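Enquirer: Single-letter residue listing:
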Amino acid sequence: MGINFAANKVLASIPYLLGGVWITLQITVLALALSTVLGILLSLLRVYGKGIFHRFSLIYSRLMRSLPLLVILFMLYFLGSEIIDIPAYWAIVLALAFHSAAYQSEIFRGAIQSISKGQMEAALALGMSKYQGIFSVILPQALRRAIPYWANEATIVLKDSSLAYALGVTELMRRGEYVSARTSQPMLTYIIVGLIYLILTYAFTKSMNRIEYKVRIPGLER
Amino acid sequence: MPKPILRIENLYKKFRDTEVLKGLSLTVYEGEVVVIIGPSGTGKSTLLRCINRLTEPDSGDIYLEEQKIEPGKSNFSQIRQQIGMVFQDFNLFNHLTAVQNVAIGPIKVKKMDKKKAYDLAMKELERVGMAEKAGNYPAELSGGQKQRVAIARALAMDPKIMLFDEPTSALDPELIGEVLEVMKDLANAGMTMMVVSHEMGFAREAADRIVFLEDGVVAEEGSPEKIFNNPERERTREFISKIARLNSGGDDRGLNNK
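Protein sequence lines correspond, in order, to chains A and B. Going by this note's numbering, the first residue of the first sequence is number 1, and it counts up by one from there. Going by this note's numbering, the first residue of the second sequence is number 1, and it counts up by one from there.
Since the hints were derived computationally from the structure, they do not count as laboratory data. For clarity, every value in this text was computed on a predicted model and none was experimentally measured. Careful, some of the hints might be misleading.
What the hints assert, rightly or not - Computed Cβ-Cβ distance ranges for the label pairs, DEER-style:
hint	chain 1	residue 1	chain 2	residue 2	range
1	A	T201	B	E126	49 to 55 angstroms
2	A	N209	B	E70	47 to 53 angstroms
3	B	A170	A	M75	51 to 57 angstroms
4	B	S40	A	K159	52 to 58 angstroms
5	B	G31	A	Y213	48 to 54 angstroms
6	A	L63	B	K111	37 to 43 angstroms
C-beta: ideal position from N, C-alpha, C; glycine also.
Using the sequences plus the hints, can you model the full thing?
Expert: Here it is, written out as structure tokens:
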């Protein structure tokens with residue numbers, strides 16, 4: 001059995017690996033959607049919230065950023081299973097979302113605080129409520145500013161979704177492991193798996209750059 | 001007897017250990033243009049910011065016509081929208097075009113129909129000579145143009161009084177004239193205005209009353225002729241001659257070109 005034969009077996013598994021990409025993308029998109037909403041909410045509590053709301057956001061962020069993602073994942077999966085049975089697929093989505101939301105709350109907080117105070121004052125002076133000022137004036141500017149940092153965090157979520165292999169979710173990484181075991185060609189297999197992650201990340205970063213350019217505020221240089 | 005638009009009674013404000021306003025009282029009447037001058041740190045900006053509660057005073061009452069201005073009251077936003085404010089550094093909304101900047105107040109606060117709000121915004125931009133730049137973003141405008149859009153934005157709310165917080169201090173000298181022209185037009189149109197500014201030319205020509213603020217109270221007030229030519233207090237005289245020297249040649253700034 002020559003090396004070529006084994007290599008061919010790995011190459012023949014590429015469609016199987018691509019099936020894993022689909023699941024990887026599902027997990028990533030769901031986790032990102034959840035974590036972005038949660039992250040923005042937490043950042044608003046952090047900047048504008050008083051008392052317990054402010055503290056909650058602060059403690060949440062500190063706690064989540066102190067725990068390894070794998071620990072959060074296992075806590076959700078195993079502790080969760082004693083109360084309600086969380087399927088592995090949702091355990092990874094939620095773990096990624098809760099974890100990333102903490103980092104994103106810091107990104108959005110920074111972006112909100114970088115908008116000059118005068119913007120909110122002008123909104124209030126017109127008679128807008130604080131709520132209107134946040135959603136009509138501050139967030140449209142802050143979110144634009146957050147795009148490159150958010151995009152970076154999003155690629156981390158994409159790559160971290162590979163931890164799902166630990167729960168047996170058959171996403172890209174897990175399928176790579178199967179292929180590697182079946183073909184006894186771990187190096188070649190993981191090179192291909194790595195290339196696929198690279199292509200995904202590259203494509204995502206490129207499209208985020210395009211979006212950043214498209215929604216930029218004319219004349220405003222950052 | 002003219003009708004009082006704004007009544008400030010016994011206003012106090014302290015920042016940490018520094019008492020900025022020390023029982024200031026002042027009444028502004030309908031159609032009146034009051035220019036507030038005074039050394040830095042005497043609370044000129046704080047006074048304006050206390051009126052629409054961007055800064056919360058420690059004590060004292062402020063009335064807009066007969067209504068007491070009190071945050072937390074259900075009509076607070078209603079009162080606030082009747083007080084136009086123009087800031088030193090413009091504070092235009094950076095993500096909106098000039099016309100959007102002017103229309104957003106009526107749309108969000110007055111719930112005005114969008115089409116109507118944009119028509120109104122264009123009218124206000126024309127009034128300040130900025131209609132041509134309606135589609136431009138703030139970052140694409142000069143300082144003077146930004147300030148004119150900011151004035152239009154405040155006017156679109158149809159305010160009872162306009163507050164100007166050093167509206168030309170952040171501008172390059174050659175851009176000051178265009179903003180002062182717009183403010184003079186407003187004054188001539190009968191707008192009630194409170195202006196913190198050391199533009200002597202504007203004060204001389206447009207002000208009905210000059211208020212000299214010192215140590216957190218009104219130290220002296222009167223017509224421009226009186227304050228500029230025959231002030232009662234020595235401190236006022238010193239201050240006037242000091243800014244006149246600093247402003248030398250600036251007396252007529254932007255006011256010759258009519």
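Enquirer: Run every hint past the structure and note whether it holds.
Expert: Status of the hints after comparison with the structure:
no.	hint	result
1	A:T201 <-> B:E126: 49 to 55 angstroms	holds (51 angstroms)
2	A:N209 <-> B:E70: 47 to 53 angstroms	holds (49 angstroms)
3	B:A170 <-> A:M75: 51 to 57 angstroms	holds (53 angstroms)
4	B:S40 <-> A:K159: 52 to 58 angstroms	holds (55 angstroms)
5	B:G31 <-> A:Y213: 48 to 54 angstroms	holds (50 angstroms)
6	A:L63 <-> B:K111: 37 to 43 angstroms	holds (42 angstroms)
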